[in-house]
Amino acid sequence: MGIPGEAYQALQSIVGSDWVSDDPAVCEADHLCASGGYPKDAIRPACSIEPASGEEVQAIVKLANRYRLPYVATSTYYLGETSPRKENTILIDLKRMNKLEIDEDNLYAIVEPGVCFSALQAELFKMGLCTFVPGCGGHASVLANTLFTGDAPTGWRHGLGYRRILAAEWVLPDGEMLMLGSRSLSKDFFWGEGPGPDLRGLLRGISGRKSELGVITKLGVKVFPFISEKLEPEGRAFHTHLNLPTNRFKWYNVRFPAKENAINTILELGRCEICLVVMTVPPLFRTVARTRGAGCGGFWEGWAQLGEKINPKQLELRILLFGIGAEKRLAYEEKVLLEIVEENEGSAREAPARDETNFMAADAICACVVGGRFHSQLSYESIDQDVKFGDIVIEMTNKHKPPILEEYGTTNWLCPYDLGYITKAECLRMTDVEHVDELNLWSLDCQEAFLKQGAYTNFPDDEVFGAVWGNYHEKERRIKEAFDPNNVSHPK
Amino acid sequence: MLEVEEYKHQAETCVRCSYCKFIDLNWITSSRFVRQCPIDTRYRFNLYSAHGLLHSALAELEGTLEFTPKLMDALWKCTLCGGCDIRCKRNLDVEVLQVIETLRRRCVEQGKGPMPEHKVLADNIRNSHNKYGAPAGERLGWMRKEIKPVQKADLVYFVGCASSYQQPELALATAELLKKAGTEFMVLDDEWCCGHELFATGQLELAREVADHNIKAIENLGAQTVITSDAECYKTLKVDYPKILEKSTEDMPYTILHITEYIDQLMKDGKFEFKKSVPMKVTYHDPCNLARLSEPWFHWEPHYEPPNIAVGKVWRRGDKGIYDPPRDILKGIPGIELVEMERAKDNAWCCGAGGGVGLAFPDFALWTAGERIEEAETTGAEAIVSCCPQCKAILSRVTEAKKTGMKVYDITEVMLRAT
Numbered sequence: 001m002g003i004p005g006e007a008y009q010a011l012q013s014i015v016g017s018d019w020v021s022d023d024p025a026v027c028e029a030d031h032l033c034a035s036g037g038y039p040k041d042a043i044r045p046a047c048s049i050e051p052a053s054g055e056e057v058q059a060i061v062k063l064a065n066r067y068r069l070p071y072v073a074t075s076t077y078y079l080g081e082t083s084p085r086k087e088n089t090i091l092i093d094l095k096r097m098n099k100l101e102i103d104e105d106n107l108y109a110i111v112e113p114g115v116c117f118s119a120l121q122a123e124l125f126k127m128g129l130c131t132f133v134p135g136c137g138g139h140a141s142v143l144a145n146t147l148f149t150g151d152a153p154t155g156w157r158h159g160l161g162y163r164r165i166l167a168a169e170w171v172l173p174d175g176e177m178l179m180l181g182s183r184s185l186s187k188d189f190f191w192g193e194g195p196g197p198d199l200r201g202l203l204r205g206i207s208g209r210k211s212e213l214g215v216i217t218k219l220g221v222k223v224f225p226f227i228s229e230k231l232e233p234e235g236r237a238f239h240t241h242l243n244l245p246t247n248r249f250k251w252y253n254v255r256f257p258a259k260e261n262a263i264n265t266i267l268e269l270g271r272c273e274i275c276l277v278v279m280t281v282p283p284l285f286r287t288v289a290r291t292r293g294a295g296c297g298g299f300w301e302g303w304a305q306l307g308e309k310i311n312p313k314q315l316e317l318r319i320l321l322f323g324i325g326a327e328k329r330l331a332y333e334e335k336v337l338l339e340i341v342e343e344n345e346g347s348a349r350e351a352p353a354r355d356e357t358n359f360m361a362a363d364a365i366c367a368c369v370v371g372g373r374f375h376s377q378l379s380y381e382s383i384d385q386d387v388k389f390g391d392i393v394i395e396m397t398n399k400h401k402p403p404i405l406e407e408y409g410t411t412n413w414l415c416p417y418d419l420g421y422i423t424k425a426e427c428l429r430m431t432d433v434e435h436v437d438e439l440n441l442w443s444l445d446c447q448e449a450f451l452k453q454g455a456y457t458n459f460p461d462d463e464v465f466g467a468v469w470g471n472y473h474e475k476e477r478r479i480k481e482a483f484d485p486n487n488v489s490h491p492k
Numbered sequence: 001m002l003e004v005e006e007y008k009h010q011a012e013t014c015v016r017c018s019y020c021k022f023i024d025l026n027w028i029t030s031s032r033f034v035r036q037c038p039i040d041t042r043y044r045f046n047l048y049s050a051h052g053l054l055h056s057a058l059a060e061l062e063g064t065l066e067f068t069p070k071l072m073d074a075l076w077k078c079t080l081c082g083g084c085d086i087r088c089k090r091n092l093d094v095e096v097l098q099v100i101e102t103l104r105r106r107c108v109e110q111g112k113g114p115m116p117e118h119k120v121l122a123d124n125i126r127n128s129h130n131k132y133g134a135p136a137g138e139r140l141g142w143m144r145k146e147i148k149p150v151q152k153a154d155l156v157y158f159v160g161c162a163s164s165y166q167q168p169e170l171a172l173a174t175a176e177l178l179k180k181a182g183t184e185f186m187v188l189d190d191e192w193c194c195g196h197e198l199f200a201t202g203q204l205e206l207a208r209e210v211a212d213h214n215i216k217a218i219e220n221l222g223a224q225t226v227i228t229s230d231a232e233c234y235k236t237l238k239v240d241y242p243k244i245l246e247k248s249t250e251d252m253p254y255t256i257l258h259i260t261e262y263i264d265q266l267m268k269d270g271k272f273e274f275k276k277s278v279p280m281k282v283t284y285h286d287p288c289n290l291a292r293l294s295e296p297w298f299h300w301e302p303h304y305e306p307p308n309i310a311v312g313k314v315w316r317r318g319d320k321g322i323y324d325p326p327r328d329i330l331k332g333i334p335g336i337e338l339v340e341m342e343r344a345k346d347n348a349w350c351c352g353a354g355g356g357v358g359l360a361f362p363d364f365a366l367w368t369a370g371e372r373i374e375e376a377e378t379t380g381a382e383a384i385v386s387c388c389p390q391c392k393a394i395l396s397r398v399t400e401a402k403k404t405g406m407k408v409y410d411i412t413e414v415m416l417r418a419t
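Those protein sequences? They're chains A and B, same order as listed.
For the first sequence, the numbering used here assigns the number 1 to the initial residue and increments by one for each residue that follows.
For the second sequence, the numbering used here assigns the number 1 to the initial residue and increments by one for each residue that follows.
Since the hints were derived computationally from the structure, they do not count as laboratory data.
Computed from a predicted model, the values in this text were never measured in an experiment.
Any given hint might turn out to be false.
Said to hold, decoys possible - Derived lysine to any residue pairs resembling SDA-like cross-links, with alpha carbons at most 25 Å apart:
1. Lys86/A - Gly63/B
2. Lys331/B - Glu232/A
3. Lys313/B - Ala304/A
4. Lys230/A - Asp324/B
5. Lys119/B - Glu109/B
6. Lys8/B - Lys335/A
7. Lys119/B - Thr183/B
8. Lys216/B - Lys247/B
9. Lys320/B - Glu232/A
10. Lys148/B - His129/B
11. Lys126/A - His239/A
12. Lys8/B - Cys33/A
13. Lys230/A - Ala294/A
14. Lys313/B - Ala294/A
15. Lys281/B - Glu232/A
16. Lys309/A - Ile309/B
17. Lys335/A - His239/A
18. Lys112/B - Asp23/A
19. Lys281/B - Pro233/A
20. Lys309/A - Ile324/A
Please model the entire structure based on the sequences and the hints provided.
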């Protein structure tokens, strides 16, 4: 049916005719987000529009309210639930909004939705600072990912991104602009709390991240001290990495005879407040790393070889030591690490001082080499709970493999954050294009099992999980109704 | 052109991660020079990207999308630089560029494409055997009497249209270099346009005709090696000719070398030396057709074993292009100080002229070239050096229009100055 002609003309007058299009090909290309499990109810937007500023976003949202047109905002377009699901949706593509400012004295950056992690990281490195870079890739939107969860392996030390949202400019579902934190008092973004109620919880909420509560057009994010030495890139095409200065960094791979030993080590490392990265490495990622450039065929050869020697009872940790502040810090961290490893019967071996995962995340999506489709069950819990969660996923995977890639009975990918205070457990399961339905069934089975165990997952079916978790979905619905009376912000 | 099943398979394996829009993330050193894809950078709609075009390819195949004005715009403004292709292949097995090329071909087969300017080019080649429509008999007009190709040699110099007709100084420089290297060479009496833009614009019947003609002409001369200083001709003879014949590069009746490969090898063998100083701070622009796109072609009949294993396929991931020889040459010239741009080697930003874009969308091509010159200027270099007449021409147009003061050279010119 399309949106009314005068509405479309109004959109053109907001952004200029070059930056809005209802061409079927433009809309078709914006029909689906990334990731393998495409939402089944996704449809083409009626048009796509590319604003250049928060003011333009406001004008678009107000117009959408006037004409009762649904809208949804995207940037990298990674998240599964942001594909349009209603007729006549305006897809607001925020990629043109890519302004970036850095306050190096006060350690924060102000980002618009189009700024990606790698761009921010590159600028921060020049200043001896750094940010986290999530596993989905350094090309993801800083703003969107920080609101979503903001997790990355360096979260061991930096914590979860969405717990340190600073000030924000927020175009509410009805088009009013709300300033959060210090931004409400001045042009500063340095502080997330401000007068009045703290509404940041709404941004992190599940409906917030699905673009159901308007559009964040600017966000203050914390950045961290780093080192002045350069991380030199090396390599070409599929063989690139960053060389880590060996006077500041050291990688260790540590194998433990049992999961409990590894978990005790993690907790002890947290108590000692050392390391920059501590995580397990699932067989999938290990194989991909080893068969880099060999493609799908090479992956399967490596997978078979790994399967012959893997012991699901064992757990291997990958640990990055970091001499921040002083080189002698590195020696101190190493001494402490090796003592803890010995106490827990681990076997540590040093690994090459290079990286393609944690500082720019250039190897994101590499796991899709298997066939191109994946799904993920995520949990942010205590580490003990995450291990139980992993056992659930293994059980469900056994029901659906093949075609779903198994993990040789090993546990999930454990990424502890905040020095072990909270752990992300991610269970990526892969398959090929023909078997996406099986992935979706696996996901539903996992969620049903989680529900019975009271475990948390990051992609819940609200109606199912709400009842278990304090009826959050009802509260979210009321909030949504209050903020979005015309129900146009990515309505269900 | 991919067969339908393979075309569909490749297009639907795209995960839509958007990695195709960026240079290798490890090599990002500033927020300014982050992006790889000219159409994405300029137009920003997701359609204007590899994943947008792959998604469109699927939809067109399924009959849910036609060649709309925007699809035509995105498809034909793609310079086929290959940045998206090798970026995707860093992590995945997807033949991104081949899907885009096939989508162009489908557009042509349906009578919707190519652009009018591409049809004029085809007419020129058909009638005059060169892309400009200039008299065929003047193709060897660049020669001077001191250039003496021989009647019989192991090597034939394939000049290319640009050097023959528009930039004869490059042909002269190449010939002079070969002479100084003590290399005898032949030239084709009846060299036709290599057909690069015909391949790029899906006009494959005529492309096949010129390929057949040129291959036969090379065979008739009995030459084992073909040398060229035109990156487009290089890639066409190395990759597109075997591709259209359903052969591999190694099966062709000749070996193709770029002049930089040849001179570099002579240097490393101690048989050639640059003796004169050329005091200049330069930056090097990697032509897409010499760098990312020039890996040998391997013919493969699609055959998969589950899950998704392409049995016997040799993947071309962009690491084996000609990146080092031009750099080693420049470093071997006394006085030259070589500084790299942020987006260099396999991350190089396209000059904008390729894929037929320079012909059909000159404004966009100039914008793309302008981005490259801006990047070159950040290095502090006095000059930008490349290995392709097309790159040189369009980059020069920008520097002249903007009066930047930056010089634009082909590497043959710099090499000649140093001999």
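Exercise. Does the alpha-carbon distance linking Lys320/B and Glu232/A stay inside the 25 Å limit?
Worked result: It holds: about 22 Å lies between the C-alpha atoms, which stays within 25 Å.
Problem set entry | Given pair status - Ile309/B, Lys309/A, alpha carbons within 25 Å | Satisfied, since the Cα-Cα distance of roughly 23 Å is no more than 25 Å.
Exercise. Do the alpha carbons of Lys119/B and Glu109/B lie within 25 Å of each other, as the hint requires?
Worked result: holds (13 Å)
Exercise. Lys335/A and His239/A: Cα distance at most 25 Å?
Worked result: Roughly 32 Å separates the two Cα atoms, so the pair is violated.
For this session: Take the C-alpha atoms of Lys230/A and Asp324/B, compute the straight-line distance between them, and say whether it is at most 25 Å.
Result: Satisfied, since the Cα-Cα distance of roughly 24 Å is no more than 25 Å.
Exercise. Can the restraint linking Lys281/B and Glu232/A be considered satisfied, given a maximum Cα separation of 25 Å?
Worked result: holds (23 Å)
Exercise. Quick one, are Lys119/B and Thr183/B close enough, alpha carbons at most 25 Å?
Worked result: Distance ~39 Å between Lys119/B and Thr183/B Cα, so the pair is violated.
Exercise. Would the pair Lys86/A and Gly63/B pass a check requiring their Cα atoms to be no farther apart than 25 Å?
Worked result: holds (22 Å)
Exercise. Hey, Lys313/B versus Ala304/A, does the alpha-carbon distance stay inside 25 Å?
Worked result: Distance ~20 Å between Lys313/B and Ala304/A Cα, so the pair holds.
Exercise. Within 25 Å, alpha carbon to alpha carbon, are Lys309/A and Ile324/A?
Worked result: Roughly 37 Å separates the two Cα atoms, so the pair is violated.
For this session: Would you mind confirming whether the straight-line C-alpha gap from Lys281/B to Pro233/A stays at or under 25 Å?
Result: Within the cut-off at roughly 23 Å; holds.
Exercise. Holds or violated: Lys313/B with Ala294/A, Cα cutoff 25 Å?
Worked result: holds (11 Å)
Consistency note: the structure conflicts with the earlier hints numbered 6, 7, 13, 17, 20.
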